[in-house]
Amino acid sequence: MTSPVWIRGLNYAYGEGELRRPVLRDVALEIHAGEIVLLTGPSGSGKTTLLTLVGALRAMQEGECQVLGQQLAGATEDQRVLLRRRIGFIFQQHNLLGFLTAQQNVAMSLELDPATTERERLERAGAMLAAVGLGDRLDATPARLSGGQRQRVAVARALAGNPGLILADEPTAALDRVSGQEVVHLLRDLARSRGVPILLVTHDPRILDIADRIIEMEDGRILPGSPLD
Amino acid sequence: MNEMQRLVLPAALPANRPPRLANAWLAARLAWRQLRAERARLWTAIAGVMFACVLVFMQLGFRSALFDSATALPQAMHGELFLVNPMTTAMFKPEQFPRVRAFQTLADPDVAQAVPIYLSFATWRNPETGVRRTIELIGFDTETGAVAFPGLDNVIEALKRPDTIAFDRKSRPEFGNVPRLLAEGGPFEVQIADRRLQLVGLIEIGPSFGADGNAVMSETNFRRIISQRRASNTDLVALRLRSGADIPAVQARLRQLLPRDVAVVTYPELVAWERNYWENATPIGFIFMFGSLMGLVVGMVIVYQILFSDIASHIPEYATLKAMGYAHSYLRRAVMAAALLLAVLGFIPGILTSVGLYHVVAQATFLPLEMDLHRGVTVFGMIFAMCAGAGLLAVRKLRDANPADMF
Ligand SMILES: Nc1ncnc2c1ncn2[C@@H]1O[C@H](COP(=O)(O)OP(=O)(O)OP(=O)(O)O)[C@@H](O)[C@H]1O
Ligand SMILES: [Mg+2]
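Protein sequences, first through last, are from chains H and P. Here my numbering runs 771 ahead of the position in the first sequence, where the first position is 1. Here my numbering runs 3 ahead of the position in the second sequence, where the first position is 1.
The hints are simulated quantities; they were obtained by calculation from the structure and are not laboratory data. Any given hint could turn out to be false.
[Claimed, not checked] Chain P side only, calculated, beta carbon under 8 Å to chain H, not exhaustive: (1) 29; (2) 37; (3) 40; (4) 199; (5) 266; (6) 315; (7) 319; (8) 326; (9) 328; (10) 329; (11) 403; (12) 406; (13) 407; (14) 409.
We treat Cβ as the ideally placed atom computed from N, Cα and C, and that holds for glycine.
Model the full assembly from the supplied sequences, consistent with the hints where possible.
Below, the structure written as structure tokens:
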């Protein structure tokens, strides 16, 4: 079986012609099943860009990138949309829909599967929220939750669809220290119990303890000292 | 074996719902939840759609009332063929032609009756206030049955007497409350064009944009009132054919027979002639179309604004949905669903308000304003198209929701 993420010779540049600026140079990376990988590095080193490429949010330019068995080099928009359904995303901002309750927000990640019924979706969303400790706040709208609680709803949403991979970009940046810790530990525990690999970008030195492996980037390259697989 | 399949299929169906249909429903539900969350915005949008709806209904109502009332006179005609001066543009200002044309048609074996009809305007003095107004006079041989105004049968005998008229009960109120006077004191004397006449009964025609009130009388009495015009000229001739006659064939023969100073038209052609004047020769039809269009444009702008700001304030959330694997087309469907929901939500109060307004306006103007299914469907189609147009414009804003910018 191939690894959930397998990257070789990945190059990426923003802009055209004169303005073309390479941000990723010859990146190689492999993430194994169930592994939690942290990506750190100075601002502007290309971490987010790498994450959006792995998450199929951006079209590839050069190199090879296989995610959950899908080759992303030359993948169509439709193929990328389908792949995204199998990835759980956690953003710096929670980006929950303000007009939906916590439960409905989590259920949104299940509505893409036509085989589920409304009841199943709500049940699974409820169970997922209970798992992140919000079993009693199912009907609360995001406006009535604290920052940490919102991010926990976002974690529940990312995990509800049983993804094959979790991608997170500075999920603790908008949180205070305590709730930040809570959220990443929750994320780690849930991912561990399901064997889901995580690729998490962070600047936050206080959460490095959750990692199986830490990779450092600088100026679009993965630093030579970093373990590549 | 077949039994088994039949039992299994229905149970299996819900799970295998066509994803497209299920998706459309879920997108519509998402749209509804989003609309519902912003009450003020929702009410503004509904009010906008409702406004457009009422405006269009009123414009179309007036337009059709105009055309209906303008053609009330030709519509009351009983006859298979008619003679009209080809230069006549509308019945309220007919061009005359020699009355002898009527008798010439009798040479055709299929023409049973030729009835000249005389039309003219004169001043009428309100029997209550003495104020003068212009009334349309319609004179013809009342016994021929060539004109069928409701109520005419009751006054045929009375109209045979010299200086008698029957009055249109639907004439505008400025003509005086003739029905009440008649009910209270029986036939009474009125003044038309300085002549004293006996008002003997009521018929029903209805006011049009050309004439506010009407009076009907015999051919002889018409000549006595309008004495200055040439007796040998008429304005319109109704021809009654023998039963079983081939109307187009007779029409063709008469066209051969008669000189070019009269046109031979069928009943539908006569009504269309009149309608055509109001629709095309006056700016009225255009004005109403323009009014409707303005209503739709304003409604569209309002709906567009609402949809646009709804999308604009949810860009990060929409981008997140895209990152979760929702296709662009799904979000587009949600926006279109919101637009069409607004169409329905605005149309319902819109049509109810319009029905009420029709009632009020019909009472005030005596114009025949009525809601009918066809107009309801037409306006719903327009409102639907208006909202769909607004949706299609707003959908472009979705492009800003780019999941790659989310991190
Ligand atoms: N959409 C874009 N268009 C053009 N240039 C971009 C775009 N996004 C990022 N960049 C540039 O690419 C480089 C890498 O950006 P990226 O966001 O990947 O860095 P990062 O490592 O995530 O930084 P940070 O830690 O600040 O989030 C930066 O110099 C940035 O200015
Ligand atoms: Mg970044």
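Interface hint check: residue 199 (chain P), Cβ to nearest Cβ on chain H, cutoff 8 Å. Holds or violated? violated, 77 Å
Residue 266 (chain P) as an interface hint toward chain H, with CB separation required under 8 Å: violated, 66 Å
message = Can you verify the interface hint for residue 29 (chain P): is its Cβ closer than 8 Å to any Cβ in chain H?
response = It holds, given that the least Cβ distance between residue 29 (chain P) and chain H is near 5 Å, below 8 Å.
Hey, does the residue 37 (chain P) contact hint survive, CB to chain H under 8 Å?
At about 5 Å, which falls below the 8 Å cut-off, the nearest Cβ of chain H leaves the hint on residue 37 (chain P) intact, so it holds.
Is the interface hint for residue 407 (chain P) satisfied, with its Cβ closer than 8 Å to some Cβ of chain H?
Hint on residue 407 (chain P): holds, closest Cβ of chain H at ~4 Å, below 8 Å.
Checklist entry - Holds or violated: residue 326 (chain P) as interface residue toward chain H, Cβ cutoff 8 Å? => result Residue 326 (chain P) check passes; min Cβ-Cβ to chain H is 5 Å, inside 8 Å.
Should the hint that residue 319 (chain P) touches chain H count as held when the rule is a Cβ pair under 8 Å? holds, 5 Å
Regarding the hint that residue 40 (chain P) lies at the interface with chain H, is the smallest CB-CB distance below 8 Å?
holds, 3 Å
- How about residue 403 (chain P): closest beta carbon in chain H under 8 Å, or not? For residue 403 (chain P), the interface hint is violated, since the closest Cβ of chain H sits about 14 Å away, which is over 8 Å.
Against chain H, with CB atoms and a cut of 8 Å, does the hint on residue 315 (chain P) hold up? violated, 14 Å
Problem set entry | Restraint outcome when residue 328 (chain P) is required to lie within 8 Å of chain H by C-beta distance | At about 3 Å, which falls below the 8 Å cut-off, the nearest Cβ of chain H leaves the hint on residue 328 (chain P) intact, so it holds.
Hint validity - residue 406 (chain P) Cβ closer than 8 Å to any chain H Cβ:
This hint holds: residue 406 (chain P) lies near chain H, its Cβ roughly 4 Å from the closest one there, short of 8 Å.
When each numbered hint is compared with the structure, violations occur for hints 4, 5, 6 and 11.
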